[in-house]
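Q: Throw the hints in and build the complete structure from the sequences for me.
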Amino acid sequence: MSTTVNSAVGAITPPLVDESPTATPRRPRRRYDPSANRAGIGVYAAVVIAAAIFLVPFLYIVLVALATPAQVSGGAFSLLQFDPQWQNFVEAVTRINWLHYAKNSLFLSVIVSVLTTFSSALVGFAFARLRGRGKNALFTIILATMMIPSIATLIPTYILFARLGLVNTYWPWVLWGIAGTPYLIFLFRQFFTAIPLELEDAAIMDGAGWWRIFWQVFLPLSRPMILTSLILTFTWTWGDYLAPALLLNYNNTTLAVATSIGYLDPRGSGIITLQSAGALIYILPVIVIFLFTQRYFMGSGISSGVKG
Amino acid sequence: MTSRSTATSVAVAGSDARGRGWRRYRSSTFYLFASPWIFGFVLLTIVPIGFALGTSFTNYDGQSPIWRFVGLRNYIEIFTSDPEIWASLVRTLAYVVIAVPLSVGGGLFLAVLVNRRIRARGVVRAIFFVPSVVPIVAVAIMWRLIFNRDAGLLNGILEFFGGPDQTTWLADPYAFYALIVMTLWGLGGGMIVILASLQDVPVELEEAAKIDGASSWRVFRSITVPMISPILYFQVITGIIASLQVLVQPMLLAETNNLSTASNIPQSTTLYMVQVYKEFFLYNRFGYGTAMLWVFFVFVLALTLILQRLSKRFVFYQVAVDQD
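Here the protein sequences come in this chain order: A and B.
The first sequence begins at 1 in our numbering and counts up one residue at a time.
The second sequence begins at 309 in our numbering and counts up one residue at a time.
What the hints contain is simulated information worked out from the structure, not anything from laboratory work.
Bear in mind the structure is a predicted one, so any value in this text is a computation, not a measurement.
The beta carbon of each residue, even a glycine, is placed where N, CA and C say it ideally should be.
Check each hint, because a few of them may be wrong.
Reference listing, derived: stretches of chain A covered by chain B, where coverage requires no fewer than 3 residues with Cβ under 8 Å from a Cβ of chain B [said to hold, decoys possible]:
{"id": "1", "segment": "43-49"}
{"id": "2", "segment": "59-65"}
{"id": "3", "segment": "75-89"}
{"id": "4", "segment": "100-112"}
{"id": "5", "segment": "136-143"}
{"id": "6", "segment": "272-278"}
Residues of chain A placed beyond 10 Å of chain B at every Cβ, according to the derived structure [to be verified]:
{"id": "7", "residue": "Val56"}
{"id": "8", "residue": "Val93"}
{"id": "9", "residue": "Thr94"}
{"id": "10", "residue": "Asn97"}
{"id": "11", "residue": "Ser119"}
{"id": "12", "residue": "Ile148"}
{"id": "13", "residue": "Gly165"}
{"id": "14", "residue": "Asn168"}
{"id": "15", "residue": "Leu175"}
{"id": "16", "residue": "Ala203"}
{"id": "17", "residue": "Asp206"}
{"id": "18", "residue": "Pro224"}
One side of the interface only, derived from the structure: several residues of chain B facing chain A at Cβ under 10 Å [unchecked claim]:
{"id": "19", "residue": "Ala459"}
{"id": "20", "residue": "Phe469"}
{"id": "21", "residue": "Pro472"}
{"id": "22", "residue": "Val584"}
A: Given below as structure tokens:
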């Protein structure tokens, strides 16, 4: 967004330099050229090479997902004899109880993203707009918990949940959702802090309580932030491997675990073609979501909060 | 900053005028609204970490009800008679030292590239960014394909150019580098954050410098990088902490990725957290594993504090940091 503005300014601004004839620079000065920002051949070469490198894993997994087992064992070059095996995708969703795992993934991702977004917004609002004893200390703790390695808490949490009998239930995800996420709390707090005080004062004058101010004034204003939070949490949960692997039995697990260890032949080794097809189906929702909401992430959406 | 604090003090004066009852209402609402996080912090952070601390003084094995306190024995063993831990720690540090600068540097490089006025900029940005949001399970499957011994792309290309054929990239000693390559594929996430901060650098500053005759490289080095240094610093910090605790990537990149067989992870990718995971779920040494977690925890905490101190030397903050 701001680049278009920048480049527009650059294009309009007339060249101001080197107009005075008396200026005799000691060393040769480069003329200021407003179009210097335009990319040259070197930039294009770098972009094309880098893009090719980033695309290779995608292209290769598509090739493998459409290959026959014979092609796979024949090495990389036999994959180029393109004979698309579309039934690999059909087999990927029928060989394992795909619909069941997908439902579990969807259910957990929706639960966690809705709960986390609501909680994080509520807590972020408290830290942005309310006052209470110890607020600053609590906020420092939130910032500090962003630095606590999540695995250092996940394994002990797993042991605790195992003793409480919460393993192989979805309760851990509900609790994680209710607790909110420090990073999102921080982002919501930054977002709410930037909203003018007049809005809040006007609502207070009208006799609104804090709940109504939060629910009817602040939340409707923070739609982009809510959307960001929902998307981030949804994809985190959809992509999470370790928590379902530790906390859920195989027949009750998510698509992440099932895709990873579900496609086995009778000897117990992975069927590469089906695994590739399954992986492609599994990542499709995430990629679609991000492509449709690109503008949020390509702008200053997620990063604006972390600015120093 | 100044305008904000005056606004706050006005608000304080305003609410003071509303009286003590109002302030009490606001304060109790603060705790009510913050309670989900407070509850979560106590139940899901303090309790597990405290429980881990307690367990670390025992020989608990995860199943049997018979366990006893062993005092500091676990910690003594970690520091005196477990060379595997130190080897895994050295590998982890090597991983951090290689992966973090390459990730941040590569992210900066790509951000500068896609910040230029190039054709199909949106598509190019998406190509760099999307890998960073692909779930790790699929990322690992993709890179296992590339590094696969028989059907892998890398061996295919090497064979085509007459190089050595049939290298087992996912075994020692190459697995470590495969892991780093896989990590670097996801640097587009950092690119996006850096890109956003690049776009916030005041264009007048750069243009003024160019008018004064500074070369593009000089402008980049002396103006752009200092202006975005808080973001770069943030990337380095979060990158270090994330890289120190890498566990899932080596597990999923290992050829057999059955959960119960953590023993299949090659030694060169047995980073610290993998070692911890093995102690828990391969050897059932929960007491010892939690002690390792606590050592790690203190280590990360100390490192964060040191980096925080260091940052004041070289990070340029445009405005005072609003940490409240």
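Q: Quick check: do three or more residues in the segment 272-278 of chain A have a beta carbon closer than 8 Å to a beta carbon of chain B?
A: Three-residue rule met by the segment 272-278 of chain A, so holds; n is 3.
Q: Does the no-contact call for A/Leu175 survive, Cβ to all of chain B over 10 Å?
A: Non-interface label on A/Leu175 violated, nearest chain B Cβ at 6 Å vs cutoff 10 Å.
Q: Holds or violated: the segment 43-49 of chain A covered by chain B, criterion of 3 or more residues with Cβ-Cβ distance under 8 Å?
A: With 4 residues closer than 8 Å to chain B, the segment 43-49 of chain A meets the three-residue bar; holds.
Q: Do at least three Cβ atoms from the segment 75-89 of chain A come closer than 8 Å to Cβ atoms of chain B?
A: Result for this restraint: holds, n = 4.
Q: Mind verifying the non-interface call on A/Pro224? Its CB should be farther than 10 Å from each CB in chain B.
A: Non-interface label on A/Pro224 holds, nearest chain B Cβ at 14 Å vs cutoff 10 Å.
Q: Within the assertion that chain B covers the segment 59-65 of chain A, do at least three residues meet a Cβ-to-Cβ distance smaller than 8 Å?
A: holds (count 3)
Q: Over 10 Å from every CB of chain B: does A/Gly165 meet that, or does the non-interface label fail?
A: The assertion about A/Gly165 holds, with a minimum of 15 Å to chain B.
Q: Please settle this one: A/Val56 was flagged as non-interface, so is its CB more than 10 Å from every CB on chain B?
A: Violated: least Cβ distance 7 Å, not greater than 10 Å.
Q: Using Cβ atoms only, decide whether B/Ala459 comes closer than 10 Å to chain A, and label the hint accordingly.
A: holds (5 Å)
Q: A/Asn168 clear of chain B by more than 10 Å, beta carbon to beta carbon?
A: Non-interface label on A/Asn168 holds, nearest chain B Cβ at 14 Å vs cutoff 10 Å.
Q: Using Cβ atoms and 10 Å as the threshold, tell me whether A/Ser119 really stays out of contact range of chain B.
A: violated (4 Å)
Q: Would you say A/Thr94 is clear of chain B, with no C-beta pair closer than or equal to 10 Å?
A: Label holds. Min Cβ-Cβ 19 Å, cutoff 10 Å.
When held up to the earlier numbered hints, the structure conflicts with 4, 7, 11, 12, 15, 20 and 21 and fits the remainder.
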